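Each chain, letter by letter, is given below.
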Amino acid sequence: MYPGNGKLSHVTTDFTCRIRMLVLVAGIAVLSPRADAQSAAVTFRIEAGEIRTPLAADAGDATRGRAAAAARDGGNCQLCHALPDMQAVFAGTLAPPLHGVGARLTEGQLRLRVVDSSVVNRDTIMPAYYRVDGLRQVAAAFREKPILSAQQVEDVVAYLKTLR
Amino acid sequence: MTACLLAIVILAACSTQAAQPVPLKSGVEFASADVRSLQQDDFANPGMLWVTRGAKLWLEPAGSDGKACGTCHGDANRSMKGVASRYPRIDSVSTGLINLEGRIQQCRERRQHAPLMAYESDELLALTAYVASQSRGIPVNVEIDGFHRAHFERGRAMYYQRVGQMNLACTNCHDANWSKKLGAETVSQGHGNAYPIYRLEWQAAGSLQRRFRSCLSGVRAEMFPYGAAEYLDLELYLAWRGQGLAIETPGVRR
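So the sequence lines, in the order shown, correspond to chains A and B. Take this note's numbering: the final residue in the first sequence is number 165, and no numbers are missing along the way. Take this note's numbering: the final residue in the second sequence is number 261, and no numbers are missing along the way.
Check before you lean on any hint, since a few could be wrong.
[To be verified] Each computed SDA-like pair below joins lysine to any residue, with the alpha-carbon atoms no more than 20 Å apart:
#1 K32/B <-> S44/B
#2 K187/B <-> D124/A
#3 K146/A <-> S44/B
#4 K188/B <-> K146/A
#5 K188/B <-> A71/A
#6 K187/B <-> A83/A
#7 K187/B <-> L95/A
#8 K187/B <-> A89/A
Everything labelled a hint here was simulated from the structure, so no lab data went into it. Just so you know, these numbers come straight off a predicted model, no measurement behind them.
Bound-form chain B, shown alone (with noise of 0.2 Å):
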């Protein structure tokens, strides 16, 4: 009786450690009608600032051998459908996990032999809202298998790892609370498929890593360095568990 009941416990817990939320919700179903209808028009959307840049930086020759982005990868509208939605995902070279801004910084060291740009930087942000808007209504769908595993496992350990002096983890705002209000904020379900979005707040575009900052800043916790692995495998975890919202960039939230 006793094994029985601690086999239901113990059944009961792993069912509630990573979870898709149930309706899957993008945020911005959350956000308030104007931040809505400023996404949604593409001549309001302040995010296209960024995603304009980066039509121009695709086309823009750098490094040492004078390619651009299109030298090799052609028409973006094209070539680049579909891929965000597969980020992040095991670079099959280093066998590391990579977003999507590092597979754009791949390229430029690999193939452009460029400089490296600054994560947050203003070009790697345009550049990468300019790839993933091409996946605008694509599904997310990354994988967990295989060499991503043990990232899957980190993220979601991760996710559920209370932090900070405020001691909380994401999933009790994310999980437990969506739809009710911090403040005169409503809770999302904290999902990244509009990323890199732009934000009233910040008064620029930002990737999700700068997302993860603010929430480690709010519950008062130490934050890693743009690029981190934790932030990777956290970025995967997130990408598993909004598997099937479509890709919104560039998204806008207050």
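Chain A on its own, in the form it takes in the complex (with noise of 0.2 Å):
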């Protein structure tokens, strides 16, 4: 399930499970704000501003992640996001247009920004979506689970990289 540089450090039989980034560009390590974090289950890397690496075996599906996206229990991106494949009048101001993101950035940088888009700015209001540490408070339901699987986070960014 986390193959590549996904290495696992402890393993937890719950599919939700624990997530530590790695941080290995010093420059970046130091931006981070959970590098002294212990919980983890599987660590994956961060290079110049990228998680160059799947965090899922199969490969992201722009179908599938469009409708992650959309979901009001998934992504619900246009809740801050205006996206140009959906409706405009219920389209949030909070966050920049997605229109042409898949053309401004790397799949490596759309994968960062969904896992987690405070690495690049810390003051972000964008959640983390695959990321269980370093929150507070967290209603029961939801406690150790990121917001998106690993798989729905390859079939998001699959599909903002149809957005060109």
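Dock chain to chain to rebuild the complex, using the hints, since each chain is given by itself in its own frame.
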């Protein structure tokens, strides 16, 4: 499930395993507010502002990704972002429109922003969609669970890549 | 030079903590025209159903002594005018912080010897809305000194604390992003000056604490029970943050 450099440092039987970022690039390590986090099940690399290796074994699927991006219990991206292929009347303006984002950012940059945008901008209001540590007062139903699964992250990234 | 820069950074950080939005805008200013007109017309405002019920309850004897609110307080139009603008405040007997709901409950317990009303019950909402509506047009004016201070500070800390799976604090929306769109909704400055409100989504009146719970649920954070100290502290901080806004109870929101 976590191929490549996604190295399991301890295994939980639960799919909603704890996630820890292993920050290897010194410049980014300074920016990371969670460099001392202990909870870890899967580690992945952030290199030069990107997560280059997919989080899931199956390639991202843009159609599934669009559904996950739109779902209220998924990404719910349009709550803050305008998206070119979703109804404008429901589009939020809290964050930049995502028109052309697939051309502006690389796949690895998109993946990092979906996983944890606060690595890029520590003051961001964008939730980290694949992180469970460093959070407080999480409702019981969501505790220790990332907002999106690893496969959903890949699907959403595949969808975002189509926004050119 | 470094020390000087550090001082500037610290000063800047402090000045962004605990600030009133400029200009201060009541939530009604962010509502759509139809919602605004609902609030402004007492004959159309559904919140007036609770106010009317509160007027009835005001005169209804309760408890072993058969006393009504009006037995001691007389005509609420006069005796309750301006009262809501000063809450939450420290109760001089218990030295604890209470909101308007708490003040009403206290009267029931200590003066009427009547059973407490459940938080968020229609009865308590009705009496609270009735009492608060006597202060319509009067600016919010809470105290934050003395015994209030610790509550104020805790409320402020809570306002700036990111919580929940979405990892958001009140300030992330209501300071940095008011007037922007969250989906189809316009983000307000997050003031409590119109509470209890009638919310179309609830199809009922609700307290400010119910609204807190909606926000907490939205960011997937654990909620506190109604009447929790955390909510009271936050209510005080918000009241101060909206100090000067006119009371609008009963407000109408989407």
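We went through each hint and held it up to the structure:
no.	hint	result
1	K32/B <-> S44/B	17 Å, holds
2	K187/B <-> D124/A	18 Å, holds
3	K146/A <-> S44/B	43 Å, violated
4	K188/B <-> K146/A	27 Å, violated
5	K188/B <-> A71/A	16 Å, holds
6	K187/B <-> A83/A	12 Å, holds
7	K187/B <-> L95/A	6 Å, holds
8	K187/B <-> A89/A	14 Å, holds
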